[in-house]
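Residue numbers (numbering that gives the first Met the number 0), protein chains in the order written: chain D, 0 to 396; chain A, 0 to 552.
No false leads were slipped in.
Computed footprint of chain A on chain D; a stretch qualifies when at least three of its residues, placed anywhere within it, have a C-beta under 8 Å from a C-beta of chain A:
no. : segment
1   : 61-71
2   : 85-92
3   : 256-266
Keep in mind the hints are simulated off the structure, nothing from the lab.
Values in this document were obtained by computation on a predicted structure and should not be read as measured data.
C-beta atoms are modelled at their ideal positions from N, C-alpha and C, and glycine is treated no differently.
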Amino acid sequence: MRILLAALLGLTTAAHAQDPADWDAVLQEAEGQTVYWHAWGGSTTTNAFIAWIAERAAETHGVTLEHVKLADTADAISRVLSERAAGHHTGGAVDLIWINGANFAAMKEQDLLFGPFAEDLPNWALVDVDGKTVTTDFTVPTDGYESPWAMAQVVFIHDTADLPEALPDMDALLAWAEAHPGRFTFPQPPDFLGSTFLKQALLDLTEDPGPLYAPIDETGYAAVTAPLWDFMDRLTPVLWRQGRAYPQTGPRQLQLIADGEIDLAISFSPGEASAAIANFELPETVRTFVLERGTIGNASFVAIPYNATAKEGAMVIANLLLSPEAQAQAQDPAVLGYGTVLDMAKLRPADRARFEALELGIATLSPEELGPALPEPHPSWMTRIEGDWIQRYGVSD
Amino acid sequence: MTAGLRFLPSVTVLVLAGPVFAGLAGTLVPALSEGGAAFRDLAAWPGLGAAVRLSLVTGIVATALSLLIATALTAGWWGTRAFRMVERLLSPLLSVPHAAAAFGLAFLIAPSGWIARVLSPWATGWERPPDLLIVQDPAGWSLIAGLVAKETPFLLLMTLAALPQAAPGQSLKVAESLGYGRVAGWLKVVFPRVYAQIRLPVYVVLAYSMSVVDVALILGPSTPPTLSVQITRWMSDPDLSLRLQAAAAALLQLGLVVLALGAWRLAEIGVARAGRAWVWSGQRCLAERSVRSAALVAGIALAAIVVVGLLGLAVWSVAGFWSFPAAWPDALTGRTWSRHADDIHAALADTVVIACLATGLALSLVIGCLEAEHRHGLRLRRGGVVILSLPLLVPQTVFLPGLASLLIWFGWSPGICAVVLAHLVFVLPYVFLSLGDPWRAWDTRFATAAAALGAGPVRVLFFVRLPMLIRPVLTAAAVGIAVSVGQYLPTLLVGGGRVATLTTEAVALGAGGDRRAIGAWGLVQTAAALLPFAVALVVPAILARRRRGLQGG
Numbered sequence: 000m001r002i003l004l005a006a007l008l009g010l011t012t013a014a015h016a017q018d019p020a021d022w023d024a025v026l027q028e029a030e031g032q033t034v035y036w037h038a039w040g041g042s043t044t045t046n047a048f049i050a051w052i053a054e055r056a057a058e059t060h061g062v063t064l065e066h067v068k069l070a071d072t073a074d075a076i077s078r079v080l081s082e083r084a085a086g087h088h089t090g091g092a093v094d095l096i097w098i099n100g101a102n103f104a105a106m107k108e109q110d111l112l113f114g115p116f117a118e119d120l121p122n123w124a125l126v127d128v129d130g131k132t133v134t135t136d137f138t139v140p141t142d143g144y145e146s147p148w149a150m151a152q153v154v155f156i157h158d159t160a161d162l163p164e165a166l167p168d169m170d171a172l173l174a175w176a177e178a179h180p181g182r183f184t185f186p187q188p189p190d191f192l193g194s195t196f197l198k199q200a201l202l203d204l205t206e207d208p209g210p211l212y213a214p215i216d217e218t219g220y221a222a223v224t225a226p227l228w229d230f231m232d233r234l235t236p237v238l239w240r241q242g243r244a245y246p247q248t249g250p251r252q253l254q255l256i257a258d259g260e261i262d263l264a265i266s267f268s269p270g271e272a273s274a275a276i277a278n279f280e281l282p283e284t285v286r287t288f289v290l291e292r293g294t295i296g297n298a299s300f301v302a303i304p305y306n307a308t309a310k311e312g313a314m315v316i317a318n319l320l321l322s323p324e325a326q327a328q329a330q331d332p333a334v335l336g337y338g339t340v341l342d343m344a345k346l347r348p349a350d351r352a353r354f355e356a357l358e359l360g361i362a363t364l365s366p367e368e369l370g371p372a373l374p375e376p377h378p379s380w381m382t383r384i385e386g387d388w389i390q391r392y393g394v395s396d
Numbered sequence: 000m001t002a003g004l005r006f007l008p009s010v011t012v013l014v015l016a017g018p019v020f021a022g023l024a025g026t027l028v029p030a031l032s033e034g035g036a037a038f039r040d041l042a043a044w045p046g047l048g049a050a051v052r053l054s055l056v057t058g059i060v061a062t063a064l065s066l067l068i069a070t071a072l073t074a075g076w077w078g079t080r081a082f083r084m085v086e087r088l089l090s091p092l093l094s095v096p097h098a099a100a101a102f103g104l105a106f107l108i109a110p111s112g113w114i115a116r117v118l119s120p121w122a123t124g125w126e127r128p129p130d131l132l133i134v135q136d137p138a139g140w141s142l143i144a145g146l147v148a149k150e151t152p153f154l155l156l157m158t159l160a161a162l163p164q165a166a167p168g169q170s171l172k173v174a175e176s177l178g179y180g181r182v183a184g185w186l187k188v189v190f191p192r193v194y195a196q197i198r199l200p201v202y203v204v205l206a207y208s209m210s211v212v213d214v215a216l217i218l219g220p221s222t223p224p225t226l227s228v229q230i231t232r233w234m235s236d237p238d239l240s241l242r243l244q245a246a247a248a249a250l251l252q253l254g255l256v257v258l259a260l261g262a263w264r265l266a267e268i269g270v271a272r273a274g275r276a277w278v279w280s281g282q283r284c285l286a287e288r289s290v291r292s293a294a295l296v297a298g299i300a301l302a303a304i305v306v307v308g309l310l311g312l313a314v315w316s317v318a319g320f321w322s323f324p325a326a327w328p329d330a331l332t333g334r335t336w337s338r339h340a341d342d343i344h345a346a347l348a349d350t351v352v353i354a355c356l357a358t359g360l361a362l363s364l365v366i367g368c369l370e371a372e373h374r375h376g377l378r379l380r381r382g383g384v385v386i387l388s389l390p391l392l393v394p395q396t397v398f399l400p401g402l403a404s405l406l407i408w409f410g411w412s413p414g415i416c417a418v419v420l421a422h423l424v425f426v427l428p429y430v431f432l433s434l435g436d437p438w439r440a441w442d443t444r445f446a447t448a449a450a451a452l453g454a455g456p457v458r459v460l461f462f463v464r465l466p467m468l469i470r471p472v473l474t475a476a477a478v479g480i481a482v483s484v485g486q487y488l489p490t491l492l493v494g495g496g497r498v499a500t501l502t503t504e505a506v507a508l509g510a511g512g513d514r515r516a517i518g519a520w521g522l523v524q525t526a527a528a529l530l531p532f533a534v535a536l537v538v539p540a541i542l543a544r545r546r547r548g549l550q551g552g
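Only chain D is shown next, with the shape it has when bound in the complex (with noise of 0.2 Å):
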């Protein structure tokens, strides 16, 4: 009776989340909670950033926001979902998630996210709906179950010590690689990159991108995905290592160019090199490139796991990651390289300044040279290709 009576009133408390709508009583509610936010921890220069957010949400918000940092975002939805699945819907351990593509698409699948909050917040209105994929994430749509707070595009970095010219397409990486065997290499997929490294080269590879933009046909998939496989086999014996090892992470493939292991690597954020530069983490001889047929971009999200103990709170970090503030920091090269969410049409004059203001850094393409960005395709082909990719290379000794 007693855990009959708990669970009634724990329900009652997971239904009494402030409704986004009424933000004034968000915020009433959000001071002095906690927010736990699990995202990757691996980037210094993230962590930065988010320990400044931590310190815009104590001083303007009374809001204590503690980063979880994480090997793995995974780790974050094994916690939901492990509570869950211990009848724990309340008072759960994450309180916000920096979340997209696969994972989003698995918690928004199996309800395990708060929401729609995202378009209710009072930051949304700056928001660039209709220039960016903000609405939807590797064609899911959002429903207003995560919010965007950043934008990132495929570019590649290159060391032009050693390889100056930018290469057009990947037939042309191929031709390279294989002209400078051990000179590249990618993240080993499942890591993120890795698998983006994988879908890069199948759009760029393929005659008609139709098909990846809906869920896996059976039926079509080996024609799809041959040019991608022929591609890999001729890649994979001339890669770094000859493809018998794979940096584990993005930044480790940074470290090899810095020790001069490799000339050529994928990255997701195209202010990164020049960051990277300022850290001392890259030589300054690097700069980076797009293909010519364009890359793939897409928005990091946070989202609010169902079970969150301070929602609140969550949302609150959420509306202050897109505050104009926050953007043109996180878009400061020296800080992070970000592209901004917002729409520069929708902000005041002075907000729009912090923008005009910043530097792109010195290996950053600007915003025409890195063109329009490539949709992500529908996130079961992300699945498939690198579970097909670790068949095939993966396990290969």
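Once you've looked at the hints, dock chain A against the given chain D.
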């Protein structure tokens, strides 16, 4: 107090065995659910054969090499000045956390690593690092090297602890007077007695080497990785079905460890039989000189790997841009330290609190058990010793995920308390191993004398025994703190990610690969483990300054 003392051994057993068995149950249930489908999925994973082979081979080879080097060093050099130097280096080497040592080694031996940088281009002709697979090699040699560098000091320490009971001095003299060389004599008359005592630590090393996660992540291959690394990967996948597969793989891991321990036991019997034949053969000489010099070279190389590796971490933590083939960074900067100072402060505070609480609890339980043994004759029997080492023999990947799920199931909120208890499971055995012998070796006539002067047992404990045993007690505390500081999986899984210690932060940053950050965190982590050893060395010396009888005790 006296009444409660009788229950302490049972409480200790519960603290150790409870979490292990509960965790095993938490792993067993998902693995066996759905009619064993998890095992079919596991069998279908194409990397299984290679991962299993890798875990077995690296674990067994690393253990055999560590034992060989530790034994050859003692056999060849015991009682010499060189050996006393080795002894002094031991505790610092032991306290270096595994992950920090592994990072240091990785930077040393990589084709673009420090050794190659120092030699290039003048000696090697390399303007660019060669494309050689050294770190993360598929056969696992760099992983084995990292394990041997850390496990040899441990086995050496265990050997040293076992020596007083093996009383090598006299036997060696007899052997030498019969014309046996130093090494041959040692192996024939002393080693069998020593090995009987260090058997359990050897098993612990074998189980640990086969299932280690952090070192294998850094130095081990990745196509495929070792089984334990793959288990942690599946465990953290958003796809729930993979967690069943991970549970099945964890059981396989446990089976592998049991198998390897069994094989090791059989090998022991075989070696013993061959050894007996060798003893009877009366052969008096080994290649004495080459064995001795090989052992010394190996010992020095292992110590150098750890020390120079740490030095590499230190240089990276203050490095500006530093590329191949420069032997030294272009510029030095304090930026990495100032950047991470706040985080390091916070994590250091949590680390210290957890380590002190876990060690304090462990010391209380261990001293309580030893007192119960002293006063009521409740001596740990063989079963007790096995239970004591249970958390060290059962791989962490096998029972910790199950334990974490159980804790969530029972609604335990993750936090420092849960983490302290989880650490206690691993700290307690080491504290027991380290304090047990000196405690029992204490001359009980002091207690009799004190009692004759009217002191009760409590007073004897606090005013006679503990002050006299301050050095081993502090050493045991230092061992406990070092063990707690190094814990990764228990902190991560039981803490629900909310408890950030130096080790969890260092491994998370290590995942990113920012060498400067790894350098700074690895150094602080090492310092946190090393400082207590220094205290354990200095404080008793100060206390003993005006008490001649305690000096050197």
